[in-house]
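Engineer: Heads up: the sequence lines are chains A and F, in that order.
Numbering follows full-length UniProt numbering, with no gaps: position 130 of the first sequence is 130.
Numbering follows full-length UniProt numbering, with no gaps: position 50 of the second sequence is 50.
Please note that a few of the clues may not be correct.
[Claimed, not checked] FRET-style restraints, in silico, Cβ to Cβ:
no. : chain 1 : residue 1 : chain 2 : residue 2 : range
1   : A       : Glu174    : F       : Lys194    : 35 to 43 Å
2   : A       : Pro16     : F       : Ala21     : 39 to 47 Å
3   : F       : Met85     : A       : Gln238    : 50 to 58 Å
4   : A       : Asp105    : F       : Met110    : 55 to 63 Å
5   : A       : Gln238    : F       : Lys194    : 31 to 39 Å
6   : A       : Gln238    : F       : Lys134    : 54 to 62 Å
7   : F       : Gly111    : A       : Glu147    : 55 to 63 Å
8   : A       : Asp51     : F       : Thr304    : 19 to 27 Å
9   : F       : Thr233    : A       : Glu125    : 39 to 47 Å
[Said to hold, decoys possible] Pulled a few chain F residues facing chain A out of the computed Cβ check, cut under 7 Å:
no. : residue
10  : Pro7
11  : Gln10
12  : Thr88
13  : Val140
14  : Val141
15  : Met144
16  : Ser145
17  : Val162
18  : Val270
19  : His274
The set of hints was computed from the structure by calculation and includes no laboratory data.
From a predicted model like this one, the values you see are computed outputs, not experimental measurements.
Where a beta carbon is used, it is the ideal one built from N, C-alpha and C, also for glycine.
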Amino acid sequence: MSASLADEGLVIPDAPAEPGEFESALRALRGSGRKLLVAYVTGGLHDEWPDVVRAVADAGADAIEIGIPFSDPVMDGPIIQEASELALRDGASPVTVLDTLRTVDAGVPLAVMTYYNLAFHMGHERFASSLYEAGVRAAILPDLPLEEVGPWATAADPAGIETVMLAAPTAPDERLPRVVARSRGFVYAVGLLGVTGERDALAASSLVIARRLKAITDKPVLVGVGVSNAQQAAEVSQVADGCVIGSALMRRVVAGEGPAGAGAFIAEVRAALDAS
Amino acid sequence: MPETLVPACQELEAAFRDAWADQTFRDELDALLADYAGRPSPITECHRLSEELGVRVLLKREDLNHTGSHKINNVLGQALLAKRMGKTRLVAETGAGQHGVASATAAALMGMECKVFMGEVDMERQALNVFRMKLLGAEVVPAMSGSRTLKDAVNEAMRDWVATVENTHYCLGSVMGPHPYPWMVREFHTVIGKESREQCAKLLENEIPDVVTACVGGGSNAIGIFSGFADTTAELVGVEPAGGAAVGRGVPGVVHGMKSYLMQDEFGQVQEAHSISAGLDYPGVGPEHSHLSSIGRARYEQVTDAEVIEAFQLLSRTEGIIPALEPAHALAWVIRDRAKLAGKTVLLNMSGRGDKDVAQMMEILG
Numbered sequence: 001m002s003a004s005l006a007d008e009g010l011v012i013p014d015a016p017a018e019p020g021e022f023e024s025a026l027r028a029l030r031g032s033g034r035k036l037l038v039a040y041v042t043g044g045l046h047d048e049w050p051d052v053v054r055a056v057a058d059a060g061a062d063a064i065e066i067g068i069p070f071s072d073p074v075m076d077g078p079i080i081q082e083a084s085e086l087a088l089r090d091g092a093s094p095v096t097v098l099d100t101l102r103t104v105d106a107g108v109p110l111a112v113m114t115y116y117n118l119a120f121h122m123g124h125e126r127f128a129s130s131l132y133e134a135g136v137r138a139a140i141l142p143d144l145p146l147e148e149v150g151p152w153a154t155a156a157d158p159a160g161i162e163t164v165m166l167a168a169p170t171a172p173d174e175r176l177p178r179v180v181a182r183s184r185g186f187v188y189a190v191g192l193l194g195v196t197g198e199r200d201a202l203a204a205s206s207l208v209i210a211r212r213l214k215a216i217t218d219k220p221v222l223v224g225v226g227v228s229n230a231q232q233a234a235e236v237s238q239v240a241d242g243c244v245i246g247s248a249l250m251r252r253v254v255a256g257e258g259p260a261g262a263g264a265f266i267a268e269v270r271a272a273l274d275a276s
Numbered sequence: 001m002p003e004t005l006v007p008a009c010q011e012l013e014a015a016f017r018d019a020w021a022d023q024t025f026r027d028e029l030d031a032l033l034a035d036y037a038g039r040p041s042p043i044t045e046c047h048r049l050s051e052e053l054g055v056r057v058l059l060k061r062e063d064l065n066h067t068g069s070h071k072i073n074n075v076l077g078q079a080l081l082a083k084r085m086g087k088t089r090l091v092a093e094t095g096a097g098q099h100g101v102a103s104a105t106a107a108a109l110m111g112m113e114c115k116v117f118m119g120e121v122d123m124e125r126q127a128l129n130v131f132r133m134k135l136l137g138a139e140v141v142p143a144m145s146g147s148r149t150l151k152d153a154v155n156e157a158m159r160d161w162v163a164t165v166e167n168t169h170y171c172l173g174s175v176m177g178p179h180p181y182p183w184m185v186r187e188f189h190t191v192i193g194k195e196s197r198e199q200c201a202k203l204l205e206n207e208i209p210d211v212v213t214a215c216v217g218g219g220s221n222a223i224g225i226f227s228g229f230a231d232t233t234a235e236l237v238g239v240e241p242a243g244g245a246a247v248g249r250g251v252p253g254v255v256h257g258m259k260s261y262l263m264q265d266e267f268g269q270v271q272e273a274h275s276i277s278a279g280l281d282y283p284g285v286g287p288e289h290s291h292l293s294s295i296g297r298a299r300y301e302q303v304t305d306a307e308v309i310e311a312f313q314l315l316s317r318t319e320g321i322i323p324a325l326e327p328a329h330a331l332a333w334v335i336r337d338r339a340k341l342a343g344k345t346v347l348l349n350m351s352g353r354g355d356k357d358v359a360q361m362m363e364i365l366g
């Protein structure tokens with residue numbers, strides 16, 4: 001058991017100066033004039049989840065976040081909570097999700113999105129290397145803030161795992177540059193005050209946070225949380241480099257629309273981004 | 001801890017530090033504790049119970065506080081602080097409903113809005129407290145996810161706070177969660193330990209009891225009473241339910257913004273706690289208890305539901321005090337270990353009264 005109660009200190013290592021594989025791929029696509037689309041898929045939800053990943057990649061997602069379900073997803077709204085609960089009930093674990101992922105040749109860069117305790121419990125180094133071996137190149141841990149990222153980043157950086165940091169609307173101006181400096185892969189701009197889930201309209205705060213971030217960084221800035229459909233994706237990508245779509249996609253998967261339905265939805269978002 | 005909440009926690013820490021050093025704030029809180037909550041709470045010597053057990057048992061009567069438990073100490077402090085910070089709304093989680101009732105009470109007193117999340121399972125077994133909260137003007141929202149108990153109510157309260165942080169204070173009910181909560185909540189409960197120490201000095205020949213004991217879910221009432229005796233020779237014993245023993249059966253983990261002992265499966269998924277007492281059904285524990293345990297200053301015992309039911313009845317019958325199921329855990333340990341404790345003086349934190357549990361016990365005891 002590598003997990004201990006010892007205070008590991010607040011030393012936050014500087015992020016490596018050179019972009020990693022994941023970020024380089026996104027930068028190259030952005031350089032070609034493309035708006036970036038990252039899709040979120042809950043790992044382990046129904047047996048067909050690898051087909052959902054492939055369908056979403058084929059439909060034009062530039063990268064995919066694989067959710068490793070956690071028992072207490074505090075940053076997630078009802079849809080992703082339900083998806084996580086169903087997957088856990090089907091026996092999903094970090095081991096089963098990553099084992100399966102190894103066999104999925106999606107053809108796009110992969111990230112995982114999960115909660116910190118799973119990494120802490122397995123041990124930072126072991127978790128980082130299991131991600132890498134499964135073909136994952138980036139990690140999003142929404143309950144691991146800047147102040148606490150040190151021990152994880154110390155293991156993840158050399159293992160080839162880029163840790164994506166979240167930048168929230170509540171961050172004061174002095175905080176944002178520090179979050180951005182530590183972020184790798186891309187900067188995850190939290191679009192609104194709230195948890196993941198669909199909203200009727202794009203929150204004004206998503207444009208504000210995207211603008212604040214674009215003003216201080218050259219790293220790809222993607223807005224997630226509350227980006228709910230093709231039109232909102234296009235709208236937010238007028239300012240941001242692109243967006244993350246999660247709940248809107250997972251609602252369709254939970255409802256049984258399968259890989260075909262998931263692919264059709266992502267194709268629609270892709271088309272809107274390409275037309276904007 | 002979600003990034004969105006980090007600035008709020010930093011702001012809260014600064015505000016609490018400032019308020020706690022401000023005599024005006026302290027005076028205002030002390031006045032509320034005295035004139036509204038009814039402090040100081042007495043210590044009751046349990047003559048008949050002591051005779052039956054062969055152990056001298058003293059109860060710190062937090063059950064006599066307004067709203068019926070120790071929870072009011074923390075809630076009055078946090079509500080006063082929230083008001084000072086310009087917040088207009090409180091959000092809280094609750095297990096047995098005691099913290100929810102206290103939060104709803106403080107909100108009513110101070111003219112604030114209040115929303116309380118409570119596990120759906122707990123709403124059923126604590127229907128009386130649900131009604132009390134509504135009567136006090138609070139909105140009570142069932143937490144429907146996961147185990148539908150306290151842990152899930154905390155998740156829902158955090159999700160609400162992420163969305164409402166600009167005008168809302170999260171009135172967390174135990175010595176858990178992200179900094180500054182474990183520290184701040186402990187400070188608001190040190191009044192229990194401080195009073196107890198002074199009362200024991202007058203009451204006891206040795207001035208301090210041999211053992212100080214309290215039940216532990218998140219651990220706020222235990223930290224409160226332990227704080228008065230940390231620098232003495234008194235043995236400190238926390239009592240956890242066997243089905244929710246984070247210190248006894250957990251391993252280090254990180255959830256709800258804290259690193260502490262946590263009941264988890266082999267992959268780090270948080271396990272559900274199960275006990276007769278909704279207030280102790282929490283798979284984690286305040287980080288200071290993990291610390292006290294690891295340095296050996298306090299030890300942690302576990303009792304079963306059956307032992308708790310026996311303690312609940314015994315205290316009612318011998319002393320005319322119906323305890324809440326939570327502190328009945330501490331008494332259950334004293335009863336079980338009475339041979340080892342023979343001749344000793346035990347101070348037990350009677351953290352709440354049992355009115356809320358009577359309906360549930362009626363079903364169990366028929």
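Engineer: Against each hint, give a clear statement of whether it holds in the structure.
Structural biologist: Taking the hints in turn, this is what the structure says about them:
Range check, A/Glu174 to F/Lys194: about 39 Å between beta-carbon atoms, so the 35 to 43 Å window is met. Hint check: A/Pro16 to F/Ala21, Cβ distance near 42 Å, so the stated range 39 to 47 Å holds. A beta carbon spacing of about 36 Å between F/Met85 and A/Gln238 contradicts the range 50 to 58 Å that was offered as a hint. A hinted range of 55 to 63 Å for the beta carbons of A/Asp105 and F/Met110 is consistent with their spacing of about 60 Å.
Distance hint check for A/Gln238 and F/Lys194: the Cβ-Cβ separation is about 59 Å, which falls outside the suggested range of 31 to 39 Å. Separated by about 46 Å at the C-beta atoms, A/Gln238 and F/Lys134 break the suggested range of 54 to 62 Å. For the hinted restraint 55 to 63 Å between F/Gly111 and A/Glu147, the CB-CB distance of approximately 35 Å leaves it violated. Under the hint 19 to 27 Å, the C-beta atoms of A/Asp51 and F/Thr304, about 48 Å apart, miss the expected range.
Roughly 43 Å separates the CB atoms of F/Thr233 and A/Glu125, a value that falls within the hinted 39 to 47 Å. Residue-level restraint check for F/Pro7 holds (minimum Cβ-Cβ distance to chain A is 5 Å; threshold 7 Å). Because the smallest distance between the Cβ of F/Gln10 and any Cβ of chain A comes to about 9 Å, over 7 Å, the interface hint for this residue is violated. For F/Thr88, the suggested interface contact is broken, since its CB lies about 16 Å from the closest CB of chain A, more than 7 Å.
A least Cβ separation of about 19 Å between F/Val140 and chain A goes past the 7 Å threshold, and the interface hint is therefore violated. Of the supplied interface hints, the one on F/Val141 is violated, with its beta-carbon coming no nearer than about 13 Å to a beta-carbon of chain A, more than 7 Å. Residue-level restraint check for F/Met144 is violated (minimum Cβ-Cβ distance to chain A is 9 Å; threshold 7 Å). Taking 7 Å as the C-beta contact cut-off toward chain A, the hint placing F/Ser145 at the interface holds, the least distance being around 5 Å.
Annotation: F/Val162 was flagged as interfacial toward chain A, and the flag holds, the nearest CB pair being 6 Å apart, inside 7 Å. Because the smallest distance between the Cβ of F/Val270 and any Cβ of chain A comes to about 4 Å, under 7 Å, the interface hint for this residue holds. Look at F/His274: its Cβ only gets to about 15 Å from chain A, farther than 7 Å, so that hint breaks.
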